[in-house]
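Chain A is fixed; fit chain B onto it per the hints.
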Amino acid sequence: MAFITANWNPLGEAFYRKTELYEMCWNLRDGLRDCLVAAAPYGGPIALLREPHRRSPSSRPQLEIYSASGNSLASFPWKSGPVVQLGWTVNDELLCIQEDGTVLIYDLFGSFKRHFSMGQEVVQSQVLEAKVFHSPYGTGVAIVTGSSRFTLATNIDDLKLRRLPEVPGLQGAPSCWAVLTQDRQTKVLLANGADLFILDNTSCTAVSPPGLSPQVSSIVHMSVSFSYKYLALFTDTGHLWTGSAHLQDKLSEVDTKIRNPPKQMVWCRRPKSQQPSVVLMWDRLLLVAGVCNDIIQFPVEEQCVCVGELDGVRVVSSSRQELLQEVPLVCQEIFKIASMAPGALLLEAHREYEKCSQKADEYLREIKEQSMLGEAVRQCVEAAGHEYDIQTQKTLLRAASFGKCFLTDFSPDSFVATCRELRVLNAVREAGVGLPLTHSQFKQMTVQVLIDRLVYRQFYPLAIEICRYLKTPDYQGVSRVLKHWASCKVQQKDLSDEAIARAVCLKVGDSAGVSYSHIAAKAYECGRTELAIKLLDYEARSGEQVPLLLKMKRSQLALSKAVESGDTDLVYTVVTYLKNEMNRGDFFMTLRNQPVALSLYRQFCKLQEQDTLKDLYNQDDDHQELANYYVTASYREKRLESRLSVLQSAVDEYNKAKNEFAAKATEDEMRLLRFQRKLDDEKGAGLLGLSLQATMEALLALGLHKQAEQLYRDFRVPDKRYWWLKLKSLAEKEEWEELEKFSKSKKSPIGYLPFVEVCMKRHNKHEAKKYVSKVPPEQKVKAHLAVGDLEGAADAAIERRSEAEMGRCLLVAPPPTGC
Amino acid sequence: MAAHLSYGRVNLNILREAARKELREFLDKCAGSKAIVWDEYLTGPFGLIAQYSLLKEHEVEKMFTLKGGRLPAADVKNIIFFVRPRLELMDIIAENVFSEDKMHSPRDFHILFVPRRSMLCEQRLKEQGVLGSFTNIDEYILDLIPYDGDLLSMESESAFRECYLENDQTSLYHTAKGLMTLQALYGTIPQIYGKGECARHVANMMLRMKREFAGSQNQILPVFDTLLLLDRNVDLLTPLATQLTYEGLIDEIYGITNGYVKLPPEKFAQKKQGETGKDLPTEPKKLQLNSAEELYAEIRDKNFNAVGAALSKKAKIISAAFEERHNAKTVGEIKQFVSQLPHMQAARSSLANHTSIAELIKDITSLLYYNKTSCNSLVSASEAFFDNLTVEQEFMTGVDTDKVNTYIEDCIAQKDPLIKILRLVCMQSVCNNGLKQKVLDYYKREILQTYGYEHMLTLNNLEKTGLLKPQTSSRNNYPTIRKTLKLWMEDANEQNPNDISYVYSGYAPLSIRLTQVLARPGWRSIEEVLKMLPGPHFEERQQLPAGLHKKRQQGENRTTLVFFLGGVTYAEIAALRFLSQMEDSGMEYIIATTKLINGTSWIKSLMDRPESQSP
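Going line by line, the protein sequences match chains A and B. All letters in the first sequence, in the order written, are residues 1 to 819 by my numbering. All letters in the second sequence, in the order written, are residues 820 to 1434 by my numbering.
Worth flagging that the hints you see were computed from the coordinates, not collected in a lab. Bear in mind the structure is a predicted one, so any value in this text is a computation, not a measurement. Each residue gets a CB set at the ideal place from its N, CA and C atoms; glycine is no exception. One should not assume that every hint holds.
[As the list claims (entries may be wrong)] If you anchor each label on the Cβ, the simulated ranges turn out as follows: (1) P10(A) x K848(B): 53 to 59 Å; (2) K1283(B) x N155(A): 56 to 62 Å; (3) G684(A) x G1285(B): 44 to 50 Å; (4) D714(A) x D910(B): 45 to 51 Å; (5) G951(B) x N155(A): 47 to 53 Å; (6) P1353(B) x N593(A): 22 to 28 Å; (7) D910(B) x D183(A): 44 to 50 Å.
Extracted from the complex, chain A is given alone in its bound form (with noise of 0.2 Å):
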């Protein structure tokens, strides 16, 4: 084991290792000399373009992509201006941006997404430099140009462009520059010969870092940490000055004792961090300074990029790629040469265990006696995260793994969760793959952007078997990668519309979250509306069908779809896009077929287009609704004639509904109408508009009582309810005579109780008592008590020899006197 520690070099307290991740697969005749080069963090792809300030239009430079280990994704000749920056959004897209501010954005195999401008003043005074950058925001963009002025745009996605204020004294370009992410604001840090400015919104202010020596003429680099925090300055007397990005504090100064100003410059350093150091990159050198003053010094052979990263530095060359960071802690514990730390014992347990020494027991004795053998696990189950060669990772594992043994309270879970990460990390580091992420950058990440990544290259079975292995949630997970496999697929020109269908369909299958209109809206932007169809047929979300058929003019589609999702606005929305559509006897038509989207139209004709509603009716010949129709019309209109006019539509309509009752009666209410306007001319009664009985009621109020017979008669009103209301006309008037007149007329179909209860109401007890011994004996004791005859009631319940009744009698009775 002792060769893990060969290639560590110390600085300061801590040590740097560089570890080799890739022979790159690539094959670069000129390597990379005379190239634009960018190579996205996170193990992103790396673009090249070859000779950019190549013009003619003979031989033009060429674009070539590749992934991090070298395998060739795209390549193709430049043919629009000449470029003076590359750059990769988040989403894996390559940003172009030309001399005159356009900034094309390609995706991974090459294909042109859409291009964006910088501003048009750009086109005149040329983009000078540029650089991308990532923030919370996403991607975003900023040049300057040749009248010395800076753009920015935050986000790309979401483009706003920022001209910033004017730099005093400033010509050209700045000697350095940089791009800070502060305080939620995106601002410019820029050195002019040795005056540093800050450029916000609105303000260019003159900063000095705290305690740079003086004698600076020059600030020629500058380098910001991979997460704002910190900023390094290099300057022309070789002097490396570090400290935070807000210029509060200073870390070190460091002399190089290097004058010219180096090719990069990148901050290594890790969360956690012991020992943060800035990589700084000439021709021939590569050094590490450390903010402890000490450095390391690589050799180097061929012409190189550094890649910041969260955790290190990727360095590149035309042959290999490495990684170059500090060495993680719990790594120097364990592996550093005689350490006693848990996890190094634990180790060396485990490899005397498998030697079948019994000095395995000796170590973990020792272990834990100091108690500590679960740290010892953890030490190496973390360990075992951090290294890159997968012999270390399994020795590490299983030391954990034995150690684990002797353990009864211990969490497994980080043991397991670190295995299948690491499982995945190799699969994905591998050179076809070629996404050498650690594991804090995969941790950084997480999962969905990994999966997202592999999609983006088109990984899908490996992305769907990480999802599975991982138990990703399906819609997080395999469903995502089957949506975008298809999205992916159904642009696939040599296949006919029949064979891709079958294909996403047999592949996406039911899987839950995926969404087939999106799959469709795909296949339809490529102009595959036939594909789009047969796509959409397999969306369960009825709702998601509707926007996208009624795009491809599929309406009567959309429509069956719109009500089967049950989602009435959904209907609604297509009833109303198909009466713009079409004419209104093929809408009639379409609606017909829809039950439920006719009734939801009638619906809205009731409230918004009444007219609308009585050509539905008609239409359908529905006669019952028809007349209903011209019933409710007749309420609206203000003279008789009109009213009674459609009246007689509605019998009409009611008798062709065969509906006679109802025709019957409408022809009664006409009668009634006529009746009321007749009255009301001759006699000014003010009928108008009142029921029958109502009618009844005040033309007997008014004395007029042949008009009220003659109602009665002609409206066959039944005995028992005209009965009531002359009783109580009369009563009302108080003619107790015509009363007692009526009361003879016949026999009373009501019964005489009525009229006792009819002439107390009117307090007249002495016409009531008339009317009592009228009354049928089973009535007579309540007769009698509504008269107030207490003795008349207890006889006629004797009488009856009812106990009920003699019970009510006794209730009413009022308490014997004394009590």
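Only chain B this time, still in chain A's reference frame:
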């Protein structure tokens, strides 16, 4: 303040909190001071979710009612419209916005659609040319509102009318969505039963929605074991009958809206000495009714005839508790007594309130309340109530349901309220499985002649919903249903009930019988009856993710959510609560509905008044 929501078997406060959180989030989206313009209909339901204080905390300074013309002046940064997605409301909003633009104070406009945003409405706003004036257009998904510890309501007034009369299934869509929300909070409900067309439709939508969201598996241990969906038209009879529980009667007589009742103030006047009866309050007394009030929770579901005894028992307990003060000797005892005082005083005022309400109701219902000093109209009110009840019970027991009923005739002749007549006629029709054509036409003619021909449309509506219908087959299957399901219990015990029939003093609500039979012995035993009732009956199972299958403890009750599509009455709720409390039922019920109804409000929702529609 919503603690009573969390006492039940299922903590419905979770739902309320979720709703409040969403409301707060929306309010915070509109930074700065705000005024809310209310669609008046929404204020009641919203009151169950959030009081003014919550709104105030989020800088709501003014509240207006939505109406045409110019918005009242208010010095606020934001104007937020809280509206239902209705086209007519959009026009009003447009008018508001237009008249606003003429003034020069720039205010931001926002719309919050309840319960769902609507493309149709947004289209209308666009046509009106105001869509661009809104900074935020959002939806506030308020489907199921927690109404009490075991009760959820969508407070959708016209749900029955829309579903059964107008074939507009919007409310069913909202129901399905609401049930999905509920399942998101309380876990997937493994078993779904249902009876009726609408129930089938809702279940279908739920299953479809589940499929649509299949990716996001719900990892919550299910709280509900069963969901029972019941169409209101499976049991048209129950709401027509007069409810005889305490709460039911309050609703029948005074009407409970959004948990509040307004009562005539006379009986609540503070009787202080030296005060003359001159300044009696004239404003109606407004009381909130829910289980937060201990006494009310105790008596709300009792048959009214048992309420008097319960109240007097309570009165004794309270006065005994107040008497305790004489026993309090040591300082410690006095301190303890004093600490209980607020609670006791609350109990006393609650008792006073309910004694007054009970008196009010008794004036109307009790035949025995009769003496010379009482005025005549009261006597007839109580008599009318009794006669009405007698007729209802005759119908329910199947006495002379095929003939014209003299009591109804008399009531028409007396021009009693139309709704009362309609309730009775519909009841007779339902209990007779339709009326003979002659009888039906007679009633209809009587109604048209007495109350006016415009009621033709209302009658038409009642016929369309099946509440009123001509007899088609000679067989009346109501008696079979009644006998099989034991809908009429001769010896209903009102004081110490042993069967749900106590809620209608003899009649056991059909809907609740179906629920009861489903729990035990199961619907298979009443297959024949189910076939006689309208609509399909069905059973669906929803797959639970592995590991969420409940391991039931010995003696642990199962929980069923009963959803009444088209409304439920307080008496039915009382019956379900009774079943939950029965020791051997093994089932607890949570009730959900589109709207809390009674016969009057229900029939009212089906009436058409052509005059009022005219512009």
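Ascending list of hint numbers which this structure does not respect: 5
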